Structure formats: C-alpha cells, structure tokens
Amino acid sequence: MNQLLLRRPFRSFARSSPPADSAVVVQLRDAHLATVFDFARRRLPTRDDAEDATAETFAAAFSSVARCPADASLHRAWLLGIARRKVADLHRKRYRRRESLVESLPEPPDSAPTPEAHALRAEDALQLRRAVLALPPNQRDALLLKYVDGLTMPEIGTVLGKSEAAVNSLIQRARATVFARTAAHFLPEESTP
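Its first residue numbered 1, the sequence shown is counted upward by one per residue in full-length UniProt numbering.
Treat the hints with care, since some could be wrong.
[As the list claims (entries may be wrong)] DMTMM-like mimics (lysine to aspartate or glutamate), calculated; alpha carbons at most 25 Å apart, straight line:
#, residue 1, residue 2
1, Lys93, Glu56
2, Lys93, Glu164
3, Lys93, Asp30
4, Lys146, Asp52
5, Lys93, Asp48
6, Lys146, Glu51
7, Lys93, Asp49
8, Lys162, Asp48
9, Lys146, Asp38
10, Lys162, Asp89
[Unchecked claim] Beta-carbon label-pair distances, calculated as ranges:
#, residue 1, residue 2, range
11, Ala72, Ser169, 20 to 30 Å
12, Asn168, Ala134, 13 to 23 Å
13, Arg42, His185, 34 to 44 Å
14, Arg94, Asp30, 46 to 56 Å
These are computed hints drawn from the structure, not numbers from a lab. None of the values given here were measured: they were computed from a predicted structure. By construction, the Cβ of each residue, glycine as well, lies at the ideal position given by its N, Cα and C atoms.
Sequences are here, hints too, so could you generate the full structure?
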C-alpha cells in the first residue's frame, strides 16, 4: 500500500486548516498508516472497504486534530479509536444493505499444498472467523486489538474507552466464548472403547 491512498481527503481539508495542523496529521499518517489500514483490513471484508475506512479515519483525525493527545505514545490508540468507529460505520452501511458479513468475507489465501489440506485450512479459518465475528462488538474488538493488533491492555482501554480491568474481563469472556464455539471443530473426537 502506498501513501497516495490518502492524498485526496487531505487536500480537501487542508483548505480550511492551518498548515501546522496539516503537518501533524501528515506525521500521524506517515507513522501509523499501515497500522490503521491493517486494523481496518482485518475487520472488513474487502480491501476497498479497508482503504475507505483508513481514508475516513485520517480525514476525521485531520478535522479533529485539536483533540489529538500531546503524548506521542497515545497517538496509535487515538487513531485506532477513530478507525474503530469508521469500521463500525461501514458495518452499519452493510447491514442496511442487508449483506451478510460472513457471506462477503474473502476466501482464505491458497497456501495449502494439497486440495484436501486447503479445504481443511479454509474450513478451520472460516469456523474461527465466524466464532470471532459472532462475539458481541466490545468483546470482538478487545480480542482483535490484543491478539491481532498487539495492543497493550492500557492501549485497548484507550481505544474502547474502558478501564484496564474491564478490558481484561472482555478478553477473558471472548476467549471462553470462542473456545466453546470452536472446541467441537478443533478438538479431536474421543474414541469410544
């Protein structure tokens, strides 16, 4: 992905903002573009949707740059909080169009050496993805932020607007639910004597 992705939204907002604000958002974009795109890509069914969410995230950051935390260590969490809302907006649009998220998910990449292995890996990935997507939104977001995006508990708390204890509770419940929903698929059947 290149940095040309977001030039158009920045140009339109640059006319009404001081150059200093523009420079801050460009620095944020340069430092966190890949992180925000990856965050959106894992939560949306298509690359185009992820690019749209990423562009909208930085456009929103540009228009609210005054609310950007002064502490640079909080920039990623602040941007991911915005991205989370933009992803939710896109999901709401999809729901209104009555498209099923599971049906529109991209196929898992073909990396299996045999057709049988590929089919099994695709089924495993689909089972796991369905279990994660079926979680309540806060649990799903906490789980993905922790294990996919690699955020710390305090960073997740910032993104979700929750305390560290609440984040820990969300992650514990999410793991238990995913395990319960997928255990029959992933655990070997016990043979009866």
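Item to check | Restraint check for Lys93 with Asp30, where alpha carbons must lie at most 25 Å apart | outcome: With Cα atoms ~28 Å apart, Lys93 and Asp30 exceed 25 Å; violated.
Item to check | Pairwise hint evaluation, Asp48 against Lys93, where the allowed Cα distance is 25 Å at most | outcome: Holds - the C-alpha atoms of Asp48 and Lys93 are around 14 Å apart, at most 25 Å.
Checklist entry - Would the pair Lys93 and Glu56 pass a check requiring their Cα atoms to be no farther apart than 25 Å? => result Holds. Lys93 to Glu56 sits at ~14 Å (cutoff 25 Å).
Next on the checklist: Holds or violated: Lys162 and Asp89, Cα atoms, limit 25 Å.
Outcome noted: It holds: about 20 Å lies between the C-alpha atoms, which stays within 25 Å.
Item to check | Whether the CB-CB distance between Arg94 and Asp30 falls inside 46 to 56 Å | outcome: violated (30 Å)
Next on the checklist: 34 to 44 Å was suggested as the range; check whether the CB atoms of Arg42 and His185 agree with it.
Outcome noted: At 21 Å between Cβs, range violated.
Checklist entry - Hey, Lys146 versus Asp52, does the alpha-carbon distance stay inside 25 Å? => result Holds, because 23 Å separates the two Cα atoms, which is no more than 25 Å.
Item to check | Hinted pair Lys162 and Asp48, Cα distance within 25 Å | outcome: Answer violated: Lys162 to Asp48 is near 30 Å, above 25 Å.
Checklist entry - Given the hint that Lys93 pairs with Asp49, does the C-alpha gap stay at or below 25 Å? => result holds (11 Å)
Next on the checklist: Lys146 and Asp38 were given as a pair; does the straight-line alpha-carbon distance stay at or below 25 Å?
Outcome noted: holds (14 Å)
Item to check | Given hint Glu51 paired with Lys146 - CA-CA distance at most 25 Å | outcome: The hint holds at about 22 Å.
Next on the checklist: Quick check: does the Cβ-Cβ distance between Asn168 and Ala134 fall within 13 to 23 Å?
Outcome noted: holds (21 Å)
When held up to the earlier numbered hints, the structure conflicts with 2, 3, 8, 13 and 14 and fits the remainder.
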